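Below are the chains, spelled out letter by letter.
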Amino acid sequence: MRTRDHLANVRTTLTWVRTGMILMGIGYAADKLATLDALHGVSNGVRTLGHPLGMTVVAGGVVIAGTALPRFLRARARIESDRFAPRVGTDLALVAALGVGALVLLVALAVVR
Amino acid sequence: MTASADGPGSAESTRAREHLANERTLLAWVRTAVALMGLGFVVARFGLFLRQLALERAAPPEPSHVSAAIGAALVAASVLITGVSTVRFFRARAQIERGRFEPEAFTEVLTVGITVVGGLALLGYLVATG
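As they're listed, the protein sequences go chains A and B.
The numbers in the working numbering rise by one with no breaks, and the one at position 106 of the first sequence is 277.
The numbers in the working numbering rise by one with no breaks, and the one at position 55 of the second sequence is 62.
Don't take every hint at face value.
[What the hints assert, rightly or not] Covered stretches of chain A (in silico footprint by chain B; criterion: 3 or more residues with CB under 8 Å from a CB of chain B, positions within the stretch not fixed):
#1 182-195
#2 225-234
#3 237-245
#4 260-271
[Said to hold, decoys possible] Sample of chain B residues at the chain A side, in silico, Cβ under 7 Å:
#5 N29
#6 L46
#7 E115
#8 L117
#9 A128
Just so you know, the hints here were simulated from the structure itself, not pulled from any lab data.
Please read all numbers here as calculations on a predicted model, not as lab measurements.
Don't be surprised by glycine CBs; every beta carbon is placed ideally from N, CA and C.
When you get a sec, could you build the whole thing from the sequences and use the hints?
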C-alpha cells in the first residue's frame, strides 16, 4: 500500500511539473508571437499586451513547477509516517489564476482585434 | 488454490499492482521528458525563425544564440531525466520484488531544479528581448 502511495505521489509531482512546463511554453509562444506581429507591422496593441502577458504566464509556470517540490517532499514524509493530509491551497490558487488568466485573454482578444 | 488467494487483497495481487504503478510512474517520467524536449525545441527553433524574419525585414535581429542555447540545454536535460528515471524504475522494480520499497527524492529534486532554472533563464531572456 505504502509503495503505491509513494509512486502515486511521484506521478502527481510530475503532473505539476508538466503543467508548469506547458505554461512556460504557452507564455514563451505568446511573447514571441507579439514580436512576430510587430515584425509584420500589426497594430502595437497586440505587441504591448503580448509581452507582459507572455512573461506573466512563464513566471506562473516557474512558480507551479517550483511548488511541486515542497509538495512532493511533504507528502512523501506524510506517507512514511502514515499521516497523509490533503491540502487544496495550491490547487485552488492554480485554478483561480487560470480562470483569471482565461478572462484576461478573452478580453484581450476581444479588445485588441 | 482458494478464491481469496489471488483476490484483490492478496500478496500476489498487491505485488502486481505495485509493479504496474511503477510502470505508470516511468511513463509519467517519459511524458515529462517529452514535454521538456518539446519546450526546448520550440524555444530553440522559434528564436531562429524570428531572427531569420528580422534579417529579411532589416529589423534589429533577435539574439537567437541565447534561445538556441536555452533550447538545447532543455533538450539535453530531458535526455538526462529519461536516463536517471529509467535507472530509478529498475531499482524500484527490484525493491518491489524484495518487498522493501525505499522512497527516493533525487530525480524529483533534479527535475524540478532543471525546470525552475530553465524557466528563469527563459524569463530572463524574454525580459532582455522584450
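Consistency of the hints with the structure:
Against chain B, the stretch 182-195 of chain A contributes 10 residues with a C-beta closer than 8 Å to a partner C-beta. That satisfies the three-residue criterion, and the hint holds. Here's how the stretch 225-234 of chain A fares: 6 of its residues keep a CB closer than 8 Å to some CB of chain B, so the rule of at least three is met and the hint holds. Judged by the Cβ-Cβ criterion of 8 Å, the stretch 237-245 of chain A is covered by chain B as claimed, because 5 of its residues qualify and three suffice. Only residues whose C-beta sits within less than 8 Å of a C-beta in chain B count toward coverage, and the stretch 260-271 of chain A has 0 of them, not enough to reach three; the restraint is violated.
For N29 of chain B, the interface hint holds, since its Cβ comes within 7 Å of a Cβ in chain A; the closest pair sits about 6 Å apart. At a threshold of 7 Å, the smallest CB-CB gap from L46 of chain B to chain A is about 5 Å, leaving the interface hint in force. Because the smallest distance between the Cβ of E115 of chain B and any Cβ of chain A comes to about 5 Å, under 7 Å, the interface hint for this residue holds. A cut of 7 Å between beta carbons decides the hint on L117 of chain B: the least distance to chain A is about 10 Å, and the hint is violated.
The criterion of a C-beta within 7 Å of any C-beta in chain A is not met by A128 of chain B, whose closest approach is roughly 10 Å, and the hint is violated.
The structure fails to meet hints 4, 8, 9 from the earlier list, while all remaining hints are met.
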